[in-house]
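**Q** As a plain string of letters, each chain reads:
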Amino acid sequence: MLEIRNFSKSYPKTPLYEDFNLTVNDGEICCILGESGSGKTTLLNAVASLTDYSGEITAHKCGYIFQTPRLMPNLTVKGNLKLVCKNEAAIDAMLSKTSLSDKADSYPARLSGGEAQRAAIARAFLYGGDVMLMDEPFSSLDVKLKSQMIRLFFEIWRESKPAVLYVTHDPSEAAAVGNRIVIISHGKKTFDETLPDAPPRADCHDVSDRLVRELMRT
Amino acid sequence: MKKFFTERKLNIIISVAAIVAMWLAWLALYYATGNEYIVPSFWETCRRIGKYFADGAFWIAFLNTFVRTMLAFLLSFAVAAVLAAVGAVFPKFATFIKPVMVFFRTLPTLAVILILLVWTTRVIAPVAVTFLVLFPMIYAQFCGAIGEIDCGVKEALRVYGVPAKERLFKVYLPLISPAVFSQTGANISLGIKIMISAEVLAKTYKSIGGLMQDARIYFDNMAGLAALTVISVLLGLVVDIAFSQISRINSKWHKENAKC
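Protein sequences, first through last, are from chains G and Z. All residue numbers for the first sequence refer to my numbering, where the first residue is 1 and numbers rise by one. All residue numbers for the second sequence refer to my numbering, where the first residue is 1 and numbers rise by one.
In short, the hints are calculated from the structure, not lab data. What you are looking at is a predicted structure, and each value in this text was computed from that prediction instead of being measured. Heads up, a few of these hints could be off.
As the list claims (entries may be wrong) - Below 30 Å or equal to it, Euclidean Cα-Cα: the simulated BS3-like pairs (lysine-lysine) are:
{"id": "1", "chain 1": "G", "residue 1": "86", "chain 2": "Z", "residue 2": "154"}
{"id": "2", "chain 1": "Z", "residue 1": "193", "chain 2": "Z", "residue 2": "51"}
{"id": "3", "chain 1": "Z", "residue 1": "170", "chain 2": "G", "residue 2": "86"}
{"id": "4", "chain 1": "G", "residue 1": "97", "chain 2": "Z", "residue 2": "170"}
{"id": "5", "chain 1": "Z", "residue 1": "154", "chain 2": "G", "residue 2": "146"}
{"id": "6", "chain 1": "Z", "residue 1": "92", "chain 2": "G", "residue 2": "13"}
{"id": "7", "chain 1": "Z", "residue 1": "165", "chain 2": "G", "residue 2": "61"}
{"id": "8", "chain 1": "Z", "residue 1": "154", "chain 2": "G", "residue 2": "97"}
{"id": "9", "chain 1": "G", "residue 1": "61", "chain 2": "G", "residue 2": "188"}
{"id": "10", "chain 1": "Z", "residue 1": "193", "chain 2": "G", "residue 2": "78"}
{"id": "11", "chain 1": "G", "residue 1": "82", "chain 2": "Z", "residue 2": "154"}
{"id": "12", "chain 1": "G", "residue 1": "78", "chain 2": "G", "residue 2": "97"}
{"id": "13", "chain 1": "G", "residue 1": "61", "chain 2": "Z", "residue 2": "170"}
{"id": "14", "chain 1": "Z", "residue 1": "165", "chain 2": "G", "residue 2": "78"}
{"id": "15", "chain 1": "G", "residue 1": "146", "chain 2": "G", "residue 2": "78"}
{"id": "16", "chain 1": "G", "residue 1": "61", "chain 2": "G", "residue 2": "189"}
{"id": "17", "chain 1": "Z", "residue 1": "206", "chain 2": "Z", "residue 2": "193"}
{"id": "18", "chain 1": "G", "residue 1": "97", "chain 2": "G", "residue 2": "86"}
{"id": "19", "chain 1": "G", "residue 1": "86", "chain 2": "Z", "residue 2": "92"}
{"id": "20", "chain 1": "Z", "residue 1": "154", "chain 2": "G", "residue 2": "61"}
{"id": "21", "chain 1": "Z", "residue 1": "170", "chain 2": "G", "residue 2": "78"}
{"id": "22", "chain 1": "Z", "residue 1": "154", "chain 2": "G", "residue 2": "13"}
{"id": "23", "chain 1": "G", "residue 1": "161", "chain 2": "Z", "residue 2": "154"}
{"id": "24", "chain 1": "Z", "residue 1": "165", "chain 2": "G", "residue 2": "82"}
{"id": "25", "chain 1": "Z", "residue 1": "170", "chain 2": "G", "residue 2": "82"}
Only chain G is shown next, with the shape it has when bound in the complex (with noise of 0.2 Å):
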């Protein structure tokens, strides 16, 4: 479970959350909506300790999936997820799962993109946090790998559930992937709507069409 309390943060000149409050719990997939600038990221890098802020953050354990996928150059496949994780059968496991066992010893430059993005999935399953934090993941991949990524992400999330905070500017991304929509604006929420089905959903056009419209209105 994810408690954000009181969260505060502002750049020079530019405020951007006061006294924000969100809990996510576990099995559930809060994917934020914004524009650009509105913070987003900002909120994911806090959860992660990787900015300063004042309030109350909890979540014990990350696993962080960036918007590139962020592995070692000099470390292989298998060499980027044994850096998260020492169990050998765990690892073969989880290349199996995201069909990069014959990948395991190529290095991330020899990876196409979406390779290279299925190995940022496995090392942030691997890590085995309890909470997963997501920043546009497959912004940068094409509408079927997108596709293919999305289906695979909740493979691999189906068996362990952790809270899932999912970054995205894109509204039907958000309406495909979230089981609850969160559109920020100014440091606040504008907009905090718990879906009544569970994602994946394959037709979701009449929620995507709201999102825009509450989007364009904030």
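Position chain Z relative to chain G; hints supplied.
**A** Relative to chain G, chain Z alone:
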């Protein structure tokens, strides 16, 4: 014709042509001046090189110079590595040490040798001055290499709680090693040059610089001096080539990245 002259073969031919051009320039200068004491004969110089190689005293001097150079280099490398690492962890320390490095870089080398000869001995002074020249250079190379490490990589390591020891030995050191080791040959070559210059000034006993000073003082004709100069150049070249080969086999991942 086009297939025979590959890029690599062409570069070798051009390099050999440059060496031949320098040799021809030497011959031209020798015949133009017609004075052995100003420009020595190439063939006499080669004969003197052979004489030095056959002399046990020369090899002792050669080894002394080389060992002292390596000592100064290793000391510079170690101190630079530690200070660069501390600066990376504590940025305020890097700011503090910046003017110190500027001071070391701008010290006039020959003046420093003269000062060190008062403070130390003829053997220590050349080592110290070589250290003072190499240390700020190698420190800058380390800082540059550390600065090149992707911030995203550092953040990922922090988020995933990778222990400091693993971060250092499995990620940071391998990431900076290609940049640092690619300069090692050049650094040692420069060290040899500085060491010999310092030995000449300090008249260091049993050293290449000392032999050069003897050749000059005892008017052993220019051929002897030229021979020692050529030997020094060859030594620097061999070191440069040797270390560039070593740095090539150093990191497989770097070669993989370069292929992409």
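**Q** Checking each numbered hint in turn, tell me which of them this model violates, lowest number first.
**A** Result: hints 10 and 19 break, sorted rising.
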